[in-house]
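For chain A, the structure is supplied; the task is to place chain B on it using the hints.
The primary structure of each chain is shown beneath.
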Amino acid sequence: MKIVIIGNGPAAVAAAEAARELDGDCGITMISKEAVPFYSPCPLAEYVEASVPRAHLFLRDGRFYRDRDITTLFGRPATAIDTEARQVTVGGGAGATLVAYDRLFIAAGARAVMPPIPGLADTPGVFALKTLADADGIVARLAAARRAVVIGSGFIGLEAAQALVRRGLAVTVVEALGQVLPQMLDAEMAALVETRLRDHGVAVRLNSPAQAVLGGQAGVAAVRAGGREISCDLVVCAAGVRPDLSLLAGSGIATATGILANEFMETSQPDVYAAGDIVEALDRQGKHRVLPIWPNAVNGGRIAGGNMVAARTRSYRGLDGINVVRIFDLPVVSFGSSTGERSLRYAGNGILKKLSLAGGKVVGAQFFGDVNATGLYHGLMNKGVDVGSFESELLSPGFGYGRLVPRPPLPIRRAA
Amino acid sequence: MEKAIFTFIEKCVACKGCEIACAVEHSQAKSLFGAIAESPRPRPRVRVENAGAYSYPARCLHCEDAACIAACPMGAMTRNAVTNAVYVDESKCIGCWMCVMVCPFGGVSADPVAKKAHKCDRCPDRTARGEDPACVAACPTRAMIYATPEELAAHRRQATAMSAAGMAAARIAGNVDLWRSQKGGMRK
Chain A
1 MKIVIIGNGP
11 AAVAAAEAAR
21 ELDGDCGITM
31 ISKEAVPFYS
41 PCPLAEYVEA
51 SVPRAHLFLR
61 DGRFYRDRDI
71 TTLFGRPATA
81 IDTEARQVTV
91 GGGAGATLVA
101 YDRLFIAAGA
111 RAVMPPIPGL
121 ADTPGVFALK
131 TLADADGIVA
141 RLAAARRAVV
151 IGSGFIGLEA
161 AQALVRRGLA
171 VTVVEALGQV
181 LPQMLDAEMA
191 ALVETRLRDH
201 GVAVRLNSPA
211 QAVLGGQAGV
221 AAVRAGGREI
231 SCDLVVCAAG
241 VRPDLSLLAG
251 SGIATATGIL
261 ANEFMETSQP
271 DVYAAGDIVE
281 ALDRQGKHRV
291 LPIWPNAVNG
301 GRIAGGNMVA
311 ARTRSYRGLD
321 GINVVRIFDL
331 PVVSFGSSTG
341 ERSLRYAGNG
351 ILKKLSLAGG
361 KVVGAQFFGD
371 VNATGLYHGL
381 MNKGVDVGSF
391 ESELLSPGFG
401 YGRLVPRPPL
411 PIRRAA
Chain B
1 MEKAIFTFIE
11 KCVACKGCEI
21 ACAVEHSQAK
31 SLFGAIAESP
41 RPRPRVRVEN
51 AGAYSYPARC
61 LHCEDAACIA
71 ACPMGAMTRN
81 AVTNAVYVDE
91 SKCIGCWMCV
101 MVCPFGGVSA
111 DPVAKKAHKC
121 DRCPDRTARG
131 EDPACVAACP
141 TRAMIYATPE
151 ELAAHRRQAT
161 AMSAAGMAAA
171 RIAGNVDLWR
181 SQKGGMRK
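Residue numbers (the working numbering), protein chains in the order written: chain A, 1 to 416; chain B, 1 to 188.
Calculated from the structure, these hints are not laboratory results.
If you anchor each label on the Cβ, the simulated ranges turn out as follows:
#, chain 1, residue 1, chain 2, residue 2, range
1, A, Ala218, B, Val82, 56 to 66 Å
2, B, Phe33, A, Cys26, 54 to 64 Å
3, B, Gln158, A, Pro397, 32 to 42 Å
4, B, Arg43, A, Phe390, 23 to 33 Å
5, B, Glu90, A, Gly62, 23 to 33 Å
6, B, Ser91, A, Arg66, 18 to 28 Å
7, B, Ala29, A, Ala311, 54 to 64 Å
8, B, Gln158, A, Arg342, 45 to 55 Å
9, B, Ala29, A, Gly398, 23 to 33 Å
10, A, Glu263, B, Arg79, 21 to 31 Å
11, B, Ala114, A, Gly93, 45 to 55 Å
Far from chain A by the CB rule (all over 12 Å, computed), these chain B residues:
#, residue
12, Ala4
13, Ala37
14, Arg41
15, Ile145
16, Glu151
17, Leu152
18, Ala161
19, Met162
Idealized CB from N, CA, C, for every residue including glycine.
Next up, chain A with everything else stripped away, as it sits in the complex:
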């Protein structure tokens, strides 16, 4: 059996590992447009910041692929999928290669959104922060850069801003909406984050959609946002990520925002699976969503990898919608809804925690400054635990898993 994997990120590697573990004989081919071994995109901002060395980004080396007998076609993108003939086209033009598959796993990931504003696409000194090449580009430009503009205040934007500040640049973050981290936090939490950014020297301009990148072939000179020009010599565009569906044209694979997949990570086409940042799969509530976070990619990859070897032997309990970001070392986490029937609060020592409840259950949380036990609350939501009987204890500092442990009834002892 020939398994072909498009991608070389966490979902792709997890699928390859799972498939190889179950079947020592199947052929596995991995195709990636990037020429480097599997690396983690999560610490790219830390790499720019110089707190993580480049070598630590790589989670596997060439030996990994050799030891598992994985054929690697790295450095050229998959450009087309023919689900009738069951083959993938790699590269373009006369040098294109056709790779036949029995099972296909698409984990081609997401690409950075580059808004269609003048100068953004073609001015030197403008970068996304999605790939190692992006990060290398930023690092190479740092020596000559004094002022930077970050477009977008999602978590990649804020991580980039922090990294650039720590490399000595004057940084302005421009955000189209009225608060930072608009996808992640409510206005009250966002205000705390904004204050922390300003305290560390980041200029934050809200309600300031980027309108143009000014400069020429010599490089970027300024960004116009919200009607104001901000001069700079480096721009990081962090306007979000989207599934990269470019190679799916004509394949017949059903898509919405991402590739639609069911709980087995199967797509609409037989023997074609998908996971990772490219997929739009079921979340815990059974809704199709694009949730591009590392744990979803790894878990989805494991499910698909197992099912490619033995169909429908593994199913996904649902993607998680949760994320954590650090704002100059203070952690911030959010999941679920910020509006429940009621909200519990804990505030003190620079910490603010809010837990949303509905129908006696946890439906969401936002924590600023202390993220310990986040997974416990997230687990309460995922399992639908009725927290009514210990609701008042939920945010008290002593609350923990102990409160949920099944425990024996208190012994009743009669007097002798």
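Chain B in isolation, oriented as in the chain A frame:
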């Protein structure tokens, strides 16, 4: 099967001896007075938590299918091939707290000073010497034992038999239970 730490929740008297022993074991000095003098002061990886009328020494459960390992984007959360324990490779951890975010037991915490994920490693130095993990060894009521599932089953059978025979060990446990029920009664 490999050994794991099992908890008898009804025996925990919340003395927090396990917390101290854990912090000392994970200190540089490996002694109580040395640990107190260290900066940053070593933090325990077990925490005695309120469990209603009981208390519970909470720590990492070293899950078979560990969410923290899948979630770690640095390859820092690792399983020890010998002991099967899940531990943090601090040279790789960047303190992104993805593991803290996904652990449904609160078994991984954020060390804000070291900026490293902080969790039970089941005392690899001690177990390599054939000793119990520090928390287990320190527990005065044997609320935790370090055993294989088979040994745990044997232990329970023996405890039941001794209890039925009214033997000494059961009486000691009975005193603990009495203390515990009084505490529970006061709290209610």
